[in-house]
Amino acid sequence: MSFFKSNKNFIIEIQSKSQNETSETNENIFPTYNLGEWKIFTSDDSIRLNVLQNKVTILNKIKNESKKPFGLIVTSISEIEIASLYAHFLYIPGEICRQSDILEHSAKTKLPLIIERGSFLAANDISRVIDKLGSAEIAIVDCGTANGYSDSILDPRVLFTLQNSGKPFGIHLSDLLAPEGTKYPHRPQWLMNYEFVSAFINTGNAFGASFYVIKNYGNGTLVSNNIIHKIPRNL
Amino acid sequence: MSLQIQNKYPGNWDGSITNQIILSRIKPLIIAGPCMLESISLGLEVGTFLKNKCEKLKLPYIFKSSYDKANRTSASSVRGPGLETGLNWLKQIKAELNIPILTDIHSVEQALEAGKFVDILQIPAFLCKQRELLVAAASTGKVVQIKKGQWTSAEEMIEIAHFLEKCGNPKMILVERGSCFGYNNLVVDFRNLVDMNKEGHAVIFDATHAVQLPGASNGKSSGLRYMVHSLTRAAVAIGVEGIFMEVHKNPDMALSDSDTQLTMEMADKILEDIAKMIH
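Which chain is which? The protein sequence lines are A and B, in order. Per the numbering used here, the first sequence starts with residue 1, numbered consecutively. Per the numbering used here, the second sequence starts with residue 1, numbered consecutively.
It cannot be assumed that every hint is accurate.
What the hints assert, rightly or not - Heads up, simulated SDA-like pairs for lysine to any residue below, C-alpha to C-alpha not over 25 angstroms straight-line: (1) A:K183 / B:L83; (2) B:K91 / B:I22; (3) B:K220 / A:L133; (4) A:K230 / A:N9; (5) A:K110 / A:L59; (6) A:K55 / B:C167; (7) B:K269 / B:E45; (8) B:K56 / B:G200; (9) B:K166 / B:G200; (10) B:K166 / A:D101; (11) A:K110 / A:K167; (12) A:K108 / B:L83; (13) B:K220 / A:K55; (14) A:K55 / B:G200; (15) A:K167 / B:A275; (16) B:K116 / A:D101; (17) B:K220 / A:E104.
Claimed, not checked - From the derived model, a few chain B residues whose C-beta atoms are all more than 12 angstroms from chain A: (18) P10; (19) I40; (20) A70; (21) A75; (22) E113; (23) A125; (24) C128; (25) L186; (26) L255; (27) M266; (28) K269; (29) K276; (30) I278.
What the hints contain is simulated information worked out from the structure, not anything from laboratory work. Since the structure is predicted, the reported quantities are computational estimates derived from the model, not experimental observations. All C-beta atoms, glycine included, are put in the ideal place defined by N, C-alpha and C.
Pulled out of the complex, with its shape left as it was, chain B reads as follows (with noise of 0.2 angstroms):
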């Protein structure tokens, strides 16, 4: 296993994202929670199990979750509860399980909003190239991770990444979450691990959205949860900055990616196993 000791990132950032959580290979990162905010009960719970079984392995983690499902393959699918109500919770989420907070941002207005206490902004996959998007992200001095687009190659991230450096913040998360492969296919390049690191930037490995499989079933995404355990080693073993993971109650319920998310059952597993591959 090969786990390389960097605490230095391009723009001489050192991977602070609060006083408590720097980035490091030696302790990835785990970034998770479920994948659309469908209620603020939903996220303490998650928000709380997550917490607990992170603070007892000895690795950090970051709450993350949606209030806009922007994108749905289909106009009737549900969304979310929206901008305001959706801060709201996280703010909530945040102040009562005193946790950093991930969340992901599709406009410049939600970028600004979203930006006055989030500790992670995420900007997705489809929009990693959207220039007004990325400027006021990086404006907000925050955190900005930004998704690998399924069609982009590892060497035009790496060109993203220049552009959110020459707009003064350095303070970045490059993600791989599959590559395009044929339709309503993806596959996971894990070469652009390694590539999208060649300059030193930190990378996340996000387990869940890299085994989706696009518009797969009837009008909604569908996707191989089998898979997240063992791609999620392959990262690992590889070395990352972090570990990206969607996680539900009950995911066959889930109002959005629901053959994806992770039960709180398999996630407690591959936690499990992530603390003994670093130990």
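Just chain A, same shape as in the assembly (with noise of 0.2 angstroms):
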């Protein structure tokens, strides 16, 4: 698979159940699935994914029925074997961006992996996850930097960093709206604003960020179709 070299932008879309829910049939946006309940949710709307019961059978359906690639959340060794049976590509959240053995499995399936920048992760170190993925195709997703709580910052030095690193990177549109903790008193209103979408783009449209991530659950809820116009090389 080339689309990380593509010259169209494209969208990352994780899919809050175990079939594609996105209306949009845009070649570019690529479903992507949790392959299990891997973390635990804090958010009054958290929903229970089902992908773990009947595993099998619901990759087959999802491989069988997907008419473009689809990526699955991976988070420990054993869902690496199993996806990589399956996905066109892996996908591996920013808290474990650091795990030796999850990285090193991974680029061992020689599949393109998407990787998030944990929000605790200096933009420099960057550098040092990219090392332990040897020579795997790899993409990096910019969610945002924690500091302080519950709260997440586009940062365009992070932004420069990642354009330097000379892999391809994105940025979570989802996460950045709302990240985990949104429903706590400790992080003001005003900050879950849907029109930040639009500053969160053009910031990433400015650094020339390959691709966007959306999640189509929970807070931060973004719907393709209402964003792929403000994406250039569109689509």
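Fit the two chains together into the complex; they arrive one by one in their own frames, and the hints show the way.
Listed below in structure tokens is the structure:
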């Protein structure tokens, strides 16, 4: 697969369930699924993902019915082994972006890898993550930087650093809009403003972001139809 | 100084870690040892020193060390002796020194293997929300110590504690180890010691990781060792169930966290001070 090298931008759309829920048929919107309930969700509207049940049946169905490449979110070595049999690319969450075993096993699959920069990770340390992945084909996602509680800041210095990393990079719009813990009172409500999404996209475009990531569930839900027109070299 | 008397924890856990060690704010637990279990001799030497010191000061003591540093900044950094050798060494230290043991886990397999004999399983900060790991740790029935992610709020930690309780294991300790404060920097927000205890959960202060400067030293973490003593005093004054600290015979030569591990002399002074504060 060569979509990292495409001249066109693309969107990674993280699905809430084990079926593609997007209404958008654009060829450069790639669905991505949670392979398991990998994380303790702390949002009120957390959903129970159902991929764990009947895993093989569901993954076969996704593979057979999917008309375009799709990804699976992986968080353990056993998940990587399963996902590599079905997915066109693997997606590694930011929390585990430093876990050497996960990175090395992901790289061994030879699949394209999309890896989030942990919100705790200084931008220049992304080079250490790239080193751990060796010669794997990778793209990096910036989910923002945590400099406080339940907030996530899009820092142009990070984008500049990613731009110079030699790897394609994207921006996680849903995480920037509504990072985990959004519901807590220590996070001012004015930050939950959907109009900020345009600012995130404009900033990403200015630095040459190749793609954008959205979730279609929970806090920070975004609909691809509503953002496509903001993205250049479009889709 | 405010020291809250508290011997009952959520889920009706009495705070027992072993028959001899029961968590209490009156007599904080000391969890200490080398960051990485570089050799059995290092573990035995540091463990013997800390055990004797804590016995003299009448402070409960648990040995800690890691067999696998699974998230080093750099791919070329040493990771430790590995699961099999590391657990054998920890068993030997437990038996020879007759002390309880804490070690950290990074996968389901490690949780189940280490859970066979260690007294506390520690969930590293980066992995504090990993469901499978928490379920596996809870299933061992051992005390589970969860470090607060550097990006995570105290409220989120309470929700993680609720999850562990739902897994059927109320035996847990929450740990403050600093919050992200810009790049390559952490600060300790002491409000978290209070907030993580809002529902009565046991709270421990990780004094040496809290002074870390992550990734600040060209591919490895640096830190402010001189701050450990002052921050420890502050945590004890606020009230915690224990202090976690990493101690090495020769920190400058340590294979991990060389800028933050304490010398045995520094640990000696800090332990003396803790004893003075609580007595």
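Each hint, compared with the structure:
The suggested pairing of A:K183 with B:L83 is violated, with an alpha-carbon distance near 39 angstroms, which exceeds 25 angstroms. The suggested pairing of B:K91 with B:I22 holds, with an alpha-carbon distance near 22 angstroms, which does not exceed 25 angstroms. Distance restraint check for B:K220 and A:L133: the Cα-Cα separation of roughly 18 angstroms lies within the 25 angstroms cut-off, and the hinted pair is therefore satisfied. With a CA separation close to 11 angstroms, the supplied pair A:K230 and A:N9 stays within the 25 angstroms bound.
Distance hint between A:K110 and A:L59 is fulfilled; the C-alpha atoms sit about 19 angstroms from each other, no more than 25 angstroms. For the hint pairing A:K55 with B:C167, the CA-to-CA distance comes to about 23 angstroms; that is within 25 angstroms, so the pair holds. Straight-line distance between C-alpha atoms of B:K269 and B:E45 comes to about 18 angstroms, which keeps the hinted pair within the 25 angstroms bound. Only pairs whose Cα atoms come within 25 angstroms are accepted, and B:K56 paired with B:G200 is rejected, the gap being roughly 30 angstroms.
A C-alpha spacing of about 16 angstroms is found between B:K166 and B:G200, which places the hinted pair at or below 25 angstroms, so the restraint holds. Straight-line distance between C-alpha atoms of B:K166 and A:D101 comes to about 29 angstroms, which puts the hinted pair past the 25 angstroms bound. A C-alpha spacing of about 16 angstroms is found between A:K110 and A:K167, which places the hinted pair at or below 25 angstroms, so the restraint holds. Between A:K108 and B:L83, the direct Cα distance comes to roughly 22 angstroms. Compliance with the 25 angstroms bound is thereby established for this hinted pair.
Between the alpha carbons of B:K220 and A:K55 the distance comes to roughly 39 angstroms, so the proposed pair goes past 25 angstroms and is violated. Taking the CA atoms of A:K55 and B:G200, the gap is about 39 angstroms. The hint is violated against a cut of 25 angstroms. The suggested pairing of A:K167 with B:A275 is violated, with an alpha-carbon distance near 53 angstroms, which exceeds 25 angstroms. Pair hint B:K116 plus A:D101 holds up; C-alpha atoms about 23 angstroms apart against a cutoff of 25 angstroms.
Our distance criterion of 25 angstroms between C-alpha atoms is met by B:K220 and A:E104, whose separation comes to about 19 angstroms. Look at B:P10: its CB is around 17 angstroms from the nearest CB on chain A, clear of 12 angstroms, so calling it non-interface holds up. Every beta carbon of chain A lies more than 12 angstroms from that of B:I40, the smallest distance being close to 24 angstroms; the non-interface claim holds. For B:A70, the shortest C-beta to C-beta distance to chain A comes to about 6 angstroms, within the 12 angstroms cut-off, and the non-interface label is violated.
Consistency note on B:A75: stated as away from chain A, yet its beta-carbon is not over 12 angstroms from all of that chain's, at 4 angstroms minimum. Remark: the non-interface label on B:E113 is consistent with the geometry, its nearest Cβ contact in chain A lying 15 angstroms away (cut-off 12 angstroms). The beta carbon of B:A125 is not kept farther than 12 angstroms from every beta carbon of chain A, the shortest such distance being approximately 9 angstroms. At roughly 8 angstroms from the closest C-beta of chain A, the C-beta of B:C128 falls inside 12 angstroms, breaking its exclusion from the interface.
Listed as outside the interface, B:L186 is inconsistent with that label: its C-beta sits roughly 9 angstroms from the nearest C-beta of chain A, within the 12 angstroms cut-off. For B:L255, the non-interface assignment is confirmed: its Cβ lies about 15 angstroms from the closest Cβ of chain A, beyond the 12 angstroms cut-off. Under the 12 angstroms C-beta cut-off, the non-interface status given to B:M266 relative to chain A holds; the minimum distance is some 27 angstroms. Against chain A, the non-interface label of B:K269 holds: every CB pair exceeds 12 angstroms, the least being about 31 angstroms.
The claim that B:K276 lies off the interface holds: its Cβ sits roughly 34 angstroms from the closest Cβ of chain A, which is beyond the 12 angstroms cut-off. A cut-off of 12 angstroms between C-beta atoms confirms that B:I278 is not in contact with chain A; the least separation is 30 angstroms.
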